[in-house]
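Novice: Now for the letters of each chain:
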Amino acid sequence: MPGIIEADDLTKTYNDTTAVSHIRFSVQKGEIFGFLGPNGAGKTTTMRMIQCVSPRTSGTLRVFGMDPAINPAEIKQRIGVVPQETNLDPDFTTEGNLLTFARYFDIPETEAQKRVENLLAFVSLTEKRKTSIDKLSGGMKRRLILARALINNPDLLILDEPTIGLDPQARHLIWERLRLLRSQGNTIVLTTHYLDEAARLCDRLVIMDHGTFLVEGTPAALVRDQVVSEIIEMDNTPEVIACLSDLGVPFESLGEQVQVATDSSRELAKTLLDRCKNSRISTRPATLEDVFLKLTGRTLRE
Amino acid sequence: MSSILSVPRISRRAGKVWRRNLDVFIKTWKVNFFPPLIEAFLYLSAIGLGIGTYVGAIDGVPYINFIAPAVLAISAMNSAFFECTYGSYVRMYYQKSFDAIIATPLSIEDVIAGELLWGATRAVISVTIMLPVLVVFKVVSLPFSLLTIPLAFFGGLTFAGLAMCFTAITPTIDTLNYPSFLLITPMMLFSGTFFPLTILPVLFQYLALAIFPLTHLVSLMRMATLPAAGSLIFLNIAWLLVATVFFCIISINLMRRRLIV
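Protein chains in written order, with my numbering: chain A, 1 to 302; chain B, 1001 to 1261.
Do not take every clue at face value.
Stretch by stretch, here's where chain A covers chain B in the computed footprint (C-beta under 8 Å, at least three residues) [claimed, not checked]: (1) 1054-1060; (2) 1084-1097; (3) 1104-1118.
FYI, nobody ran anything at the bench for these hints, they're computed from the structure.
Built from N, CA and C at the ideal position, the CB exists for glycine as well.
All chains, please: the whole structure from these sequences, using the hints.
Specialist: Right, here's the structure in full:
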């Protein structure tokens, strides 16, 4: 069965720079699909092509089986977008933002009123309905944007960094709402920098860099395939380095720390405790973050 | 890629952007309603009555009656031009409203068309508020003066289109000051507004007719308020028609170039 989104050989170039290079993916109905990657990896560009606001340079792209270059209005009628940048309309109140947006989707006034009521409750903003946008906190604004993206009962929800800059309470609320939406059969595509967010939410994800996909899979499979199961962390001292070198254990030194990746952390930790004195030793399970850093490197991005 | 002169595809959804701007305008009607009223009053008393005392009449028309249609035309120009320069720029750049709207079924062409229609509507609103003041001053004749209202829409659309071209290419909001001072201010003074074009050197007369949209709008509005059909009526209408279509098409294409990458 063809997916909600089908992309093949999808490419986007701006003047001389290639933002997205020959990517291929398919998003199935009812799944949460994540795009991870450092800044400038091409995530937002990919989102903008799916939401029909940025024309592709080459390749094919189908959303609901339609071509964004030919049927943008039909596609956009069925998607909801949470942009990276907060672009609520400051000329209107909380409720006014939703009602104005409803009109863009040709939703009749009485139906719009009903939906606004439900959506404000859904994102816990009912008490702020008459508040002007500049009086809302950052978390409230993001929640309102989520409500705005749902005004047309979208079949596909596109979220570009949905929880950026939010406190843990607000992030958890948004995650919970997104899971609820998935359970109702919605398809969700999101980008994020937060690897814990991706690990918790995504059914499948890709890690992108320099416009191409590095890996694709479920979060658990990616951790299993790309790195070993446990990480041992020790102090970065000359004694520890010498000791690890003597034992022939491969390690990575990162500032104050030395990391050793292993499949049998308990035995190795015991050996290290015996042999390498004067160091704290801690072990933890490998995470998506380890996969991410292994694949995209530790160099700071623009 | 499509050319700068290709006719953009606009849907009736453009009306939703117009409606959005109207809603905001109505919410703040108190600050929007009085400026045209006061402007009309100030122009007529200071220039019409004040300077008019020394000027007397132009071609047999009392000076205050001569400038009355110019006051309307200038107000139509300013409303539409400033709405579609600073107003549209703020919505586009600072409020990111256009980005938000094109995530819905509206296209960028719909958005800009809605903004242009709104600019023209601002001109209509200004003229409609000013006209009763002119009637009270007994400087315009009814019912022909009512034609200034549709003329305000027509001329307003010309200036909205012109303004949107600048908005589409301006690097920052500050550089919008250039067209305001280098184009709008001279146009306000040298378009047959406060003195007839005929007293200018011939070269300047032709220049004003060739490049200033306001010359044609003032001329048409004066025909309506006197009322007296002038010899330039067909030139005025044709010039404005061509300019309006030209500016509106170019501005939409320039805006798409700026915003759709």
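Novice: Decide, hint by hint, whether the structure agrees.
Specialist: Cross-check of the supplied hints:
| no. | hint | verdict |
| --- | --- | --- |
| 1 | 1054-1060 | violated (count 0) |
| 2 | 1084-1097 | holds (count 3) |
| 3 | 1104-1118 | holds (count 4) |
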